[in-house]
Structure formats: structure tokens, C-alpha cells
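Undergrad: Here are the chains, one letter per residue:
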Amino acid sequence: MSPTIPYEYKYLRAKKRFPHVWCPGCGIGIVMGSIIRAVDAMGWDKDDIVMVSGIGCTSRMPVYVDFNTLHTTHGRGLAFGTGVKMANPKLNVIAVMGDGDSLAIGGNHIIHAARRNIDITAIIVNNNNYGMTGGQFSPTTPPGAKTSTTPYGMIEPGFDVCKLMDGAGASFVARGTVYHVTELDNMILKAFRKRGFSVVEALAPCPTNFGRANRLGGPVEMMQLLKDNTINLSQQKAMKPGQTEGKIVRGIFVDRDSIPYGDRYEVLCENARKAAEAKK
Amino acid sequence: MIVPWGETRLVQGNEAVALGAIAAGIGFFAGYPITPSTEIAELLAQYMPLLDKKWIQMEDEIASISALIGGRLAGSKSMTATSGPGFSLMQEGLGYACMTEVPVVVVNVMRGGPSTGLPTQAAQGDVMQARWGTHGDHPVIALAPSNVKECFELTIKAFNLSETFRTPVILLPDEIIGHMRERVVFPLEEDVHVVPMPIPDVPVEWYEHYHESTSNVSPMASFGSGYRYHVTGLTHDVHGFPTRKESEVIAKMERLKHKITRRLDELEDVQMHDVEESSVVIFAYGSVYRSALAAQAILRKKRKTVGIFRPVTLWPFPDRTVKEMLDSKDVVLVPELNQGQIIHEVERMTRDSVRVVPLHRIDGYEITPEEIVDAVMEVI
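Protein sequence lines correspond, in order, to chains A and B. Using the numbering used here, the letters of the first sequence correspond one by one to residues 1 to 280. Using the numbering used here, the letters of the second sequence correspond one by one to residues 1001 to 1380.
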């Protein structure tokens, strides 16, 4: 009897591109699984999906999925994606990025993608450091943490990705972790369903770099940390103010209906043509 | 009708670029405001929605060229317009477009530099940046118009060459050409040659995104057309997947080079006036070529014959023709709106016995015919 192949395989470049580059215990593969399950739930045709990324560990993801895939320059995934979506609005654009890629070098692009409300889903895998280059600090490295470029501890405050995206105008903002996989699957699915700019931050362990530098243990211990250090929105509601100290909140923080950029542009074209005809 | 086909109009250089882009079938423009190129973005913001084409102002020049490449991969002919400082920021994306062989058009209306320099004044300071601005070995095509009509024609040509050679093409008007107004007799639409976006005709499973054809260029499928492929700035194999295999790395890099160097005849575009019969030749491009023509007329009245050699296509440099035509001359005068850039290419292609004389102007103003006449009289 031949073994049953999981349905996820049909979305992977399984025969050609594996094994992947990610380290044992890395969380990025779990996020890729969530994305694939959400894509399957959406029923999208593989030909109509563009996965775009920048540079870094997370940005290697497009190689492994059987979509139209675009691995770009550092931080620019959303800018490339904006061009793709503008030129062909029928395409479903998914941008996958790490915390350094999306928030440091790509910080300008992500706030403007959110402000414009371009119909792209951005998935940010946040592992608190630059993994590919050997564990340097990123805009989400927690204060005090050690990395290869903060040997005496991190002195800069970090970004709260979700608050940043809320403030910049994204239509949908959520935070999950690779420990809470079903929750993450659902968040990504809802983000795909949302018209406009949607963001899902997925907290993930980097045992090789961040974990080792901060003596957080191996993959299992770091998974345990994601479980212990996070609470969901209803847990947060039930807790007294002091009790939530040091906990990271998971959940859907923003889910609003605002007109995506593409729709506005269509209206603009229509109005421009009408005005030109009226002039005649 | 946006392009005044068959009509005669007073048109600005930048306006002619915008009209040329429409004529070439631009589908997507992404840009960031910068003097002295802004009119191109402004006019396209006006024209493109009327034609249901996509126009966007991005958050910076890096985002602009990135969006441009995304737009072309999704099946729209794409162009941006910028000037020196913005062109510097675009080098990252230019390298990516070279490496991934995505055809885009970048207009750089050259102003004084370095840095913020002289925003509203002319220079030819980005000639070498156009050639070597982005890191690594890479192919480059750059065209330099000398009048408003050429702004229209060479913009169309830039699109055509980018599609033919699957590579970014840079249009390099200087500020004088971008901002001047001239009478232009527009051609009839049917007389203009526009290269359509090449489309692959092989079955999906046979498609190689970087097929090693005899021309070194293969048709590029668009996202959403059913050909699913990978694009990366990492050195890649014929399917587009990253590779470090020696033979594949060498094959990629050689093909990138050969697609230009083995088809130089299709790219070379020079204009020559009285070069054969003159022992003194003025080598000029862009706005300086206009002054050279005027200087030649003045000198003719003084019974002095000088030739003019003008490259329309700056990159690839017309090595063979320069060698053939200028190697036996006494003097080649190279007036440029910089401290000496293209002159090194002229020196490279001529023997030591040829005196290659520079004439610089770096204050943001034009090189006048009189300055060229004086320089010629000095060397004759």
C-alpha cells in the first residue's frame, strides 16, 4: 500500500526544491504550512497566486511553494508586490517577510502599503533577530536581549508590529504564534478573505541564533515559551491590569472595512474619463 | 487621442518622453517626484487613467523601481522617470532587473551632482553611473537624446530594446533636453514600430524562464498566464531557481554578457558629420551635440573643417566604430557637461598618437558653440 500523501504537497515544489534551508526547530516551515492550508481553504488556483518576499530566512519561502514566486531585494517585497497587484489586480498577492526585512529596511514600504490599503496579505514571521546573517538584532529584539550585535544587551526599544500596522491604516491586523497553529491557520485565512491590506504577525522561535544567544533552550523549550509568554484577547480581558505584564497578546486586533487602493484607482479612472468626455 | 499623431506641436522634452511612453504602450508607471524629471510623472498621471493604465506615486525611488519590475512581471510594460539622486537609489532595482532579465525603462533626466547638487540645472554626470552604478558585472543599454523629437522616438526605442533584449534600458536626457521646447512633427501611428511583449508558446511543462536560445534571450511569461516560475536576484539556473553550481553560474553570467556583446550591430546608433574628411573631430552627445553642430557651422565659415561623432546609444559604447573612424585622427575634442566621463572610453579606443582633448563645463550651464569653436581653434 502506498502511503497517503498530505494534500499540502500539491502546493509544494516537493520533488525539486527540498530539503529546505531552515534550521531544525525553526518556525518558518510551520507558517508555510498555515499559509498553504489557508490557500487551500480559499480555493485559489495556483496560477493566480503570487508569493513575494524580500531577503532573509522567511524570504526563502517562495522557492518551496508552487505559485508564481518572486524573491526580491532586501525589504522590497511589498513594493514589488504593489507593482504586481497594480498591473494585474486578479492576482492574489501574498508577501512573506521576516521582522528585519519588513520593519527595518522595509519599514517605509510596509507603512505606505498599509496607508494605501493595497489588497495584499503580508505575513511577518517574527523571530526577534536576523537569522540568515547570524543573529544580529532587529527592530523587534526585546530590550536587554543578547544578539551578535548586542553583546552587552539590546538598548533600543522594539516595534509593536500590530500597533504600527493599526496606526498606519491596515484593514486587518492579527498576531499569532507557531505554537498555536490552528489559531494561526484561521488568522491567515481571515487575512486572505479581507479586501485591502492585511497583516499577520507570526511569532516564531530561532533556536540557532536568538535562542542560543539568550540561553532560551532548544526548539522544544522555545515552543514552550511561546505557549507560556502569550495570552489571547479573552484571557487578557479576564486578567487584572498587573497580571498581563510581560505577556504578549495574540488575536485579531483590527478588522475593518475600508476601500482597497485598487478600487479607488478604478473609480479615479472612471471619473477622469467622464471629465474628459464632458470637456469635449 | 493623447499622442498627436501626424500633427505638428510645440512640445517640451519631458512631455515628449511621456508621449513616447504612451505610444510605446506603457501599462504601468511608478515614480517619485524629482526635479528636473517631474513633468513626465505629472503628465502620465493625467494621461494614463484616461486609457485605463496604471499609475502610482510610490514612497521613494527604491519602491518605484521595485514596483516597476513587479508590474512588468505581471504583464505591463513599465517605466519610471527620475534624476541623479533618485537614479542612485534605483541602482538596487536596476541590478535586480538586469539579473532577473525583466524589461523596464528608466528615464534619468540628468542634473548637476554629486548628491543634491544643482537640481534645476544641466549636467551629464550620470553617464558612468548608468554604466556601472549597480554592483556586479551586468549588461546595460543607455540612450541619449539631443532634441525633443528624439525624446519621443528614443523613449519608444527604449521600450522596444528592453523587450527585445529583456533588460532594463536607461534613457539619459540632460536637463537642457528635458526642459527645452521645440516644434515636433509627430509621425503617423502606423509608421511607428512598437515591439509587443514577447509571449512564450511552449507547453507549460517545457517552459524555461531563462531558456538558452541562440539570441541569448527567451520570451518571458507573465505572472498569472499559467506558467508558474520562480524569480530571484540570487544567481539562478534556467528555471530561475538559486544555484551555486559552477557550470550554471558561469552559463548565466556569460549569457547576460553575450546577449549584448554578440548583438552590438542591433544596438549601435551613431551619427557622423564630415568625420572621414576631418583630422579634428568633436565627440559629443546629448545637448552638447547641438552646440557641436552650431560650432561646426561657425568653423566652416572660418574655412576650418571639423567632424562630429555623436553616439545616440551611449551604452554599449560603439567601440568598433570609434576605433575605425577616430583612430587615425589628429585631435578628438570631447566636450561634456561633467569633469570627464565618456572621454575615457574615447581614449580607450584610440591610440596614443591621437590627442584626446577634454572640454568641461560643470556650472550647470550649457557648453556654447563659441566655447567649442575656441577649443577647436586652440588645438588646430
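What the hints contain is simulated information worked out from the structure, not anything from laboratory work. Errors might be hidden in some of the hints.
[As the list claims (entries may be wrong)] Distance condition first, Cα-Cα at most 25 Å in a straight line; then the derived DMTMM-like pairs of lysine to aspartate or glutamate:
hint, chain 1, residue 1, chain 2, residue 2
1, A, Lys16, B, Glu1208
2, A, Lys46, B, Asp1237
3, A, Lys280, B, Glu1007
4, A, Lys279, B, Asp1052
5, A, Lys46, B, Glu1205
6, A, Lys280, B, Glu1205
7, A, Lys280, B, Glu1042
8, A, Lys15, B, Glu1189
9, A, Lys279, B, Glu1042
10, A, Lys90, B, Glu1205
11, A, Lys16, B, Glu1246
12, A, Lys280, B, Asp1052
13, A, Lys46, B, Asp1201
14, A, Lys15, B, Glu1205
15, A, Lys163, B, Glu1059
16, A, Lys10, B, Glu1205
Undergrad: Honestly, which of those hints from before does the structure not fit?
TA: Failing hints, ascending: 6 and 8.
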